[in-house]
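**Student:** Listed below are the residues making up each chain.
Protein chains: 2
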Amino acid sequence: MLWYETEGPERDVFVSTRVRLARNLVDYPFEPRLSEAGAKEIIEKAKSALGEDQGYTCRDLSAAGDNEKLALVEKHLISPEFARKNTPCALIENEEKQVYVMVCEEDHLRIQCIRPGFDPKEAMDAALEADAAIDAHLHIAFDEKLGYLTHCPTNLGTGLRISVMMFLPALTMTGRIKSIQGQLSKIGLTVRGTTGEGSAAKGCLYQFSNCVTQGVTEEEILSNLREAAGSIARAERETRKQLLENNEDALRDRVMRAMGTMRSAYMIDTEELYRLYADVRLGIALGICEGVSYTQLDALLIRCMPATLTSQFGKDLSSTQRDKARAEILRTSMRQAAQEVINSEKKGRIV
Amino acid sequence: MLWYETEGPERDVFVSTRVRLARNLVDYPFEPRLSEAGAKEIIEKAKSALGEDQGYTCRDLSAAGDNEKLALVEKHLISPEFARKNTPCALIENEEKQVYVMVCEEDHLRIQCIRPGFDPKEAMDAALEADAAIDAHLHIAFDEKLGYLTHCPTNLGTGLRISVMMFLPALTMTGRIKSIQGQLSKIGLTVRGTTGEGSAAKGCLYQFSNCVTQGVTEEEILSNLREAAGSIARAERETRKQLLENNEDALRDRVMRAMGTMRSAYMIDTEELYRLYADVRLGIALGICEGVSYTQLDALLIRCMPATLTSQFGKDLSSTQRDKARAEILRTSMRQAAQEVINSEKKGRIV
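Chains as they are written, first to last, in this note's numbering: chain S, 654 to 1004; chain V, 654 to 1004.
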């Protein structure tokens, strides 16, 4: 099962937690100056360090089609930059441990673990376990003073980036997110959109991560992020309560209409999906939407992204065909959820 | 059962047919000069002519509250002008025959029959039957040359007005309704909104009626209206076919979203209800909406009008309370309809 198909802690506010370690091999130049032969050697070495005996499989992304790569981006398993590469590169994955190692991205190795909800410790442990396996087999560039050497100086030191995907509809609706964004640098965080730098915060989803990787320990980074993300989560939950107290009718109407549209529309584009997703997800948090869980909804969002959607049909789809296919998946899934509620005879409450 | 709760012919285009006969008693002045005592006498005389033995009951509207009177307007049983009267007036009704006689409206007696769908002959026969009963008991003002004498000269002669409430979404969407409206006088029709002169065509509903009452026979009026309404109906049906051929995806999406909103929203105001009604009613005609009939939908529209809604709750409702109550009725009714389709295992088709 992929990360988004499983339960996780604090999913009312946290969609996922990702830990990423940047590592490079001493015997090879950094990626921009790396030869094709060198890249292939690194892939082979990584495969030998993270073998099938440890539950890893290797996917040659040079041979993968664009849609397959975009679908991996939509699932947050690889970066958009990695998907655009046309020199040798690979993804070494262990779905059970939720560990995904990009080989020959900006750094030779980018060890990632992504977990549902807020789970930085588990994610960190899994990433470090993979790191140890790599360290045991390969010669990793490390300097006593600078720490792990990386292509970009902003990753020097621990090479560690912890990021959390947070769902912040109440802070977004009230505009309070702006003042939080203004104070992020003080608490050592940066914010990004759903799929990386520069993209907008669709679906009220915000990705926060640590800025500083050097001069601090892994534990300090983790504890700082835990504290900062925790205070944003408290602000979001508090604001949701206030919204419900002050605008219950309007909120309930908005959420129920979004449910209705998901269950009924014949065509839905990605932009509308993000809006509906945010309204319904808030509805789950407020106890308005029964019969659908965070996990189901988060999985639906990913299943309905363009490339993932296309991959389920095994052929190219036009934009209109995608909008119809997306709406059909949403209708079927959301009605099934509603039907299950009716079947379990919870008829008294609004579903 | 009221007219809108029963089936009728050609309901894809026709909501209802109404026949109205204007009659006055010789021994009394016209309504503006009628004394209170005179009005009371006329009511008593009308009651004696249309007695309980013939299935009629008399409702004293002077004693009725505003909400009760507005609810009668919403059901198209009395005119808005009649509801605003504060001198003695009454409604003599026979629900089985769908005959409603307004006593002391603009004329002393306005005999009306309203039937679902396109049914002018049946409506005419029922109105004439009541007219004969009145004629047998009362002295009605009739001039050999002018015909029936009425307060307003535009009703002189037959005193007959036949009107049909038509549902014309395709002609509305394509704007063709305008050219039809421009040619109406040529075919002897006038057009009004849903509840009378001056109101807008909400819900794509248009009320057409004959302009001329004098110098023609009842049969000529009926046959002319039948022909004119028939040609508008043909234009509407033809345009629906074209719309479906050229815009099937967009139409299907629009209709299904309207169904979803009716099944899901928490608050719906009257204006939105008219929009949703028009989309869903068109959906029934196009075979997109299963599980709901014209009769159910037309009855829902009336049940959800402000005064009728209020009368179901037996107390005054605020505007917000009405919007919630309206949405609840729509949710419950439309979900029940959908559930019945699921239960009858027609799961393959979109409901």
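These are calculated hints, taken from the structure and not from any lab test. Just so we're clear, the structure is a prediction, and the values are computed from it rather than from any experiment. Certain hints may be false.
All copies of an identical chain are treated as equivalent in the list; a pair is satisfied when it fits inside any one copy or across any two copies.
Claimed, not checked - Calculated cross-link-like contacts (lysine to aspartate or glutamate; reagent style EDC-like; alpha-carbon spacing at most 20 Å):
(1) 977 / 901
(2) 977 / 906
(3) 798 / 775
(4) 693 / 871
(5) 700 / 689
(6) 738 / 719
(7) 698 / 993
(8) 700 / 660
(9) 738 / 721
(10) 698 / 969
(11) 977 / 898
(12) 968 / 734
(13) 968 / 924
(14) 738 / 759
(15) 839 / 719
(16) 774 / 871
(17) 968 / 705
**Student:** Against the structure shown, which of the earlier numbered hints fail to hold, in ascending order?
**Tutor:** 3, 4, 7, 8, 10, 12, 13, 15, 17
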